[in-house]
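Trainee: From first to last, the protein sequence lines stand for chains P and E. According to our numbering, the stretch in the first sequence is residues 1 to 86, in order. According to our numbering, the stretch in the second sequence is residues 1 to 386, in order.
No lab work stands behind these hints, which were simulated from the structure alone. A virtual CB, placed ideally from N, CA and C, is assigned to each residue, including glycine. Don't take every hint at face value.
[As the list claims (entries may be wrong)] Derived coverage of chain E by chain P (criterion: at least 3 residues anywhere in the stretch with Cβ under 8 Å from a Cβ of chain P; other residues may be distant): (1) 196-210; (2) 274-288; (3) 308-321.
[What the hints assert, rightly or not] Pairwise CB distance ranges, derived in the manner of DEER restraints: (4) D184/E with P27/P: 37 to 45 Å; (5) E130/E with G61/P: 18 to 26 Å; (6) V77/E with R77/P: 45 to 53 Å; (7) L338/E with T80/P: 50 to 58 Å; (8) E383/E with P34/P: 37 to 45 Å; (9) P27/P with T172/E: 43 to 51 Å.
[Stated by the list, open to error] Not everything, but these chain P residues come out facing chain E in the computed CB check (under 8 Å): (10) P23; (11) F39; (12) E41; (13) G43; (14) M53; (15) D66.
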Amino acid sequence: MNHDASATQLRQTIVAAIAATAPDVAPELADLDPDLDLFEEFGLDSMDRLNIMTSLAQSTGVDIPDDRYPHLTTINRLITHLSTPA
Amino acid sequence: MSEQPTAAATASFDYAMPSLGADMDEGSVVEWLVEVGDRVERGQIVARVETEKSDIDIEIWQPGVVDEIIVPTRRVVPVGTPLMRLRSVDQESSATRPPPRRAPVGSREHVPATPLARRLAAERDIALGEIVGSGPGGAVRARDLATQDVAPAGTEPPPPEPAPTRSERMRTAIADRMSRSNRDIPHYRLERTVDLDALQRHLAAVNDDRPVAERIVPAAAFIRAVARAAARHGELNGTWSDGGFHPGTAVNVSVAISLRTGGLVTPTIAEADRLSLDQTMERLRDYTTAARAGTLRSEWMRADSTITVTNLGERGADLVHGLISPPEVALVGFGRVLERPWVVDGRVVPRPLVEITLGADHRATDGAVGSRFLATLARFLEEPDR
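Can you make the complete structure from the sequences, with help from the hints?
Mentor: In C-alpha cells form, the structure reads like this:
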C-alpha cells in the first residue's frame, strides 16, 4: 500500500474513532481540516480523549503512551504517530 | 422503587414512572420495548423514557407477564403514574429461566443511531432497525430518515406539534433548579489550591504498564477523593429538606457531565466511597459515554444523590463557583490543572495545581466544617498512595 492510501485509511479510522466516542460531533467530521485541534474545536474532554485513544490503539495495534496525549491533538499528528514504527 | 412487591403468585402489580433524579417530576415513554403478553425478567429494559434531560432506558426489577400497557408513548405523566400492569409469575418458573442480561427483547436490538435520528424516528413512527444507516458503524443519522419522509398513501401526516425541543426543556429544567438553588440555599464558598504532582506521578505509574483501555484519568481520582472525604465529613453528605439536614445513608456522588449539544446531565455513582480507583474510572467512563450517546440508564439517574462534583476539565476556567443542586448541601468544583509556581521546601518550583472549590449550604454547616472537608480532600489527593 502506498503512503497516501495508508494515510487515507488512517484518517478514516481516526474519524470513525472520534465519531464513535462523540456521536454528537460526527456530522462535522467529514470535511475536517486535518490540522485543526480536535479537542479545542469540539470541546472533547479527557474522557473522550481516552476513549478515542483506546479505540485507535485497538484498531491499529499501535501503542499510544499516556504522555503523548497532549501532543496528539490533530488528525495529521495522529496519522503521523500511528504510521511511525515504534 | 417503581414496582411494588407482591406476595401472591398470581397477583398483578403496576410498574410506575420512575424518578430518574431528584429534579424529575414527569416524563414520557418514548418507546415501549415490551408488548402485552411478553414475559419480563428482573433487570430487563422495558422502555425508553424521555425526561427533560435525556432519554433513559428503564429497567424492571420484578419478573412478570405484561397484562396491559396503560400509558401510550409520548404522553407526559407525573412520576409514580402506573405505566403498565403485570401479572406476577411463580418463582419456580422464573428460577428455571435465567433473565437475559440487560438485553433488549426480541428483534428490538439496540440500533446505533444519533440522538436526533432517534427522536425523529420516534416522532415519525419509523422503526430504526429498518433503516440503513450511513453513519459510523452503520449508525442511523437524521439524514437517513429523509427518504422515509413520504407517508404511505391515504394516511394523513401528523399535525405539527409546537412542543418545546429537548434542549429547550432541558434549559427550562436547569433554569428552574438553579433558580431554586440560588433563591433557597444560602451558599458559603471556600477554595483551596492543591498540588497534584504526587497524584500525576501516581497515575503515570499506574497507567504506564496498562493498555490504553485500562488507563485512569485524573477526574476519576478527583471523584473518588471527594467521595472518601464526604464519608469522613458526613455533615456535607446528605440533603436539606423540611427545615432540617438528613445525612445520606451512603455516599452517592452525582457527576455533572456537560453535553456538547447544550445543557448537562448528572448521573450518580452510588456508594462511591467504597469503589476502587479502577471501579470509579469504569463508572465514569460508562456514564460519560452514555451521556454523550443519549443512553443513560435509570439506575444511574438516582434520586438519592448526596453530593455533586463538577469538573471543568483541562481547557476550562481556573476555578468554578457553582450552585448546589438541591436538596443536596454541597458541591465540589475542580478547575483546570495548570503548571504554576509553588513553594516546596522553601524553593519555588513548577507544580501542576488545581483550584478546588466547595459551595456548601450554610443552613446545614458552617465554614469550619467545609474547611476541614477541603483539608481532608487535599490530603487524599496529595498523598495518593495512602
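Trainee: So, for every hint listed, does it hold in this structure?
Mentor: Evaluation of the provided hints:
1. 196-210: It holds: at least three residues are needed, and the segment 196-210 of chain E offers 3 whose Cβ sits within less than 8 Å of chain P.
2. 274-288: holds (count 3)
3. 308-321: Answer holds; 3 residues pass the 8 Å Cβ test.
4. D184/E with P27/P: 37 to 45 Å: holds (41 Å)
5. E130/E with G61/P: 18 to 26 Å: violated (36 Å)
6. V77/E with R77/P: 45 to 53 Å: For V77/E and R77/P the Cβ distance comes to about 51 Å; the hint holds.
7. L338/E with T80/P: 50 to 58 Å: violated (27 Å)
8. E383/E with P34/P: 37 to 45 Å: holds (43 Å)
9. P27/P with T172/E: 43 to 51 Å: About 26 Å separates the Cβ atoms of P27/P and T172/E, which means 43 to 51 Å is violated.
10. P23: Cβ of P23/P sits 5 Å from chain E, so the hint holds.
11. F39: Holds: closest Cβ of chain E sits about 7 Å from F39/P, inside 8 Å.
12. E41: violated (11 Å)
13. G43: holds (5 Å)
14. M53: holds (5 Å)
15. D66: It holds, given that the least Cβ distance between D66/P and chain E is near 5 Å, below 8 Å.
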